[in-house]
Amino acid sequence: MIGRGTAVIPFLIFIIITIVLSFLKAPSLNMMIAAAIIGLIVGMFFCKDWRRYWDEVLTGMGSKLAMTAVMIWLVVGIYAGILGAGRVVDGLAWGGNALGITGSLFTLFTFLACMMFATATGTSLGTIAAMGVIMYPAGLLLGANPIFLAGAILSGAAFGDNIAPVSDTTIISAISQEYQRRRGTAEIGGVVRSRFKYAIISAVIAMVLYTLVGGGGTLAINPTESSAILAEHSYPPGLLMLISAAIVIFLAVKGKSIFVALTGGIISAVAIGIPAGLFSISDIIRIEGTSVQGVIPAGVAGMLTVSILLIVVVAMGHLLIKSGCMETTVGWVGKNIAKSPRSNELSIWGLATVFNILIAAINTIAIICVAPFINAIGKKHKLHPYRRANIMDATTCTWPFFLPYGGAILLLIGTMNVTAQTYSFVTPLAPTSMFFAVFYSWVLWFVMLISIVVGYGREFEGRGGRRIKAWFQNKVPTEAGAEIYTRDRRGPPQLGKL
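Sequential numbering of the sequence shown, starting at 1, is according to the numbering used here.
These aren't lab readings, by the way, just hints derived from the structure by calculation.
Treat the hints with care, as some may be off.
To be verified - With a straight-line Cα cutoff of 30 Å, these simulated BS3-like cross-link-like pairs (lysine-lysine) come out:
(1) Lys380 with Lys197
(2) Lys380 with Lys475
(3) Lys380 with Lys339
To be verified - For each label pair, taking beta carbons as the anchor points, the in silico distance ranges come out as:
(4) Arg467 with Ile200: 34 to 44 Å
(5) Thr68 with Ala231: 35 to 45 Å
(6) Gln293 with Ile267: 15 to 25 Å
(7) Ile41 with Val453: 24 to 34 Å
(8) Gly464 with Gly216: 24 to 34 Å
(9) Val453 with Phe196: 17 to 27 Å
Even glycine gets a Cβ: it sits at the ideal position worked out from N, Cα and C.
Please model the entire structure based on the sequences and the hints provided.
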């Protein structure tokens, strides 16, 4: 038997090392993997049955949750690589310049462009890396406020991370939340549809704020240099790649498997990109000497490290469940805090916020760590998996995007440092200067808090997993309190009583 204390040790070691890396502004996925492995090794010495301990670790690593996420990320890596080869970013940059957008309007345009790119690719860090080196220097040239321009890039990335069907946080938030009255977990397309109302409210408010305060930047620079920079990163045909992005979003929202949606995106991107001359087959995959090159192998390689990290973190979470630690934690929260649907949701919101503050370096890891707790806590008052996923993901797309030691801000500053070497007019910002400039994330955090307090969007799980809308109510509907599926140790899920 694995003791509760033993199961906590690997997790504590991992979180402590991750927090230290965040505060040292040195987030490293490889070191985080090492931290998890070190934690698992140390935990072994506090367990009497070493063989049983490692059997459970390996069981967790091979779980369907871990393998599903890994497979999705590998396919996303290929898809994002093909979009990048199609120069979708340069297409968006051309669109803004062609429309003559300057000042606060350019800050607004940057927010919208980053929203579209992040929603299409599902990668917030990829959005920051790709758009930061183009939109930030271009915005300075066109009179945008530097701080709010940076905030717009971060906000757009957060929006896509929150709403994109192919986003890692969207995927984890959905597949980690189980149904009680039927088999399976929350569907990604359904989760996206249900959270759109929170995202669009937050986005509209952020758009208004960026329009009001996003201008006023002053920059003395040679107009010739300004035109040269924009011309270098302007490529109208790149906008054709947005068709592929729209296909992925459409298929996912219509309830198709995320693998089907991504496959549709990959096929359509290739079908559009090659005839349009955006890229060639050799750009996708080719053999150079004894090595294979191209966006397909590069895309897969880019996802390997985070996939390994996910696997070991899920293994640690499995130990928490098998030891009874999860059950004890959920029981304490249920007895002392989560005494009603509202307080249950506040518990989820608060717990997810704490994890994202502590593990802000990579918000994917924060949501992976907290997801099992939220899954168990939310079931106490029969909250629908969509509702649980939405509350959890909302916090994941907030704090990590404006904390000075968060991975998103550190990456954006890195792009500023790179562009500063090329453009003399670029001065990297201090990490703390952007804290209140990421409007979307701040607004989303408060929108979700308000929705919890007043009950806006509250839903419970009915028979067969059906959504029971109980907006503005603070009690569990009678229909949601009937039979549920339970799983015993001897066999498959069976019908029982809560």
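Against the structure, the hints:
Proposed proximity of lysine 380 and lysine 197 is supported: the alpha carbons are some 25 Å apart, at most 30 Å. The suggested pairing of lysine 380 with lysine 475 holds, with an alpha-carbon distance near 12 Å, which does not exceed 30 Å. For the hint pairing lysine 380 with lysine 339, the CA-to-CA distance comes to about 9 Å; that is within 30 Å, so the pair holds. The supplied range of 34 to 44 Å is broken by arginine 467 and isoleucine 200, whose beta-carbon atoms lie about 19 Å from each other.
Taken as a hint, the range 35 to 45 Å holds for the pair threonine 68 and alanine 231, whose Cβ atoms sit roughly 44 Å apart. The supplied range of 15 to 25 Å is met by glutamine 293 and isoleucine 267, whose beta-carbon atoms lie about 22 Å from each other. Range check, isoleucine 41 to valine 453: Cβ separation about 44 Å, and the 24 to 34 Å hint is violated. For glycine 464 paired with glycine 216, a C-beta distance near 55 Å fails the hint of 24 to 34 Å.
Checked against the given bound of 17 to 27 Å, the beta carbons of valine 453 and phenylalanine 196, roughly 21 Å apart, stay inside it.
Of the numbered hints stated above, those contradicted by the structure are hints 4, 7 and 8, listed in ascending order.
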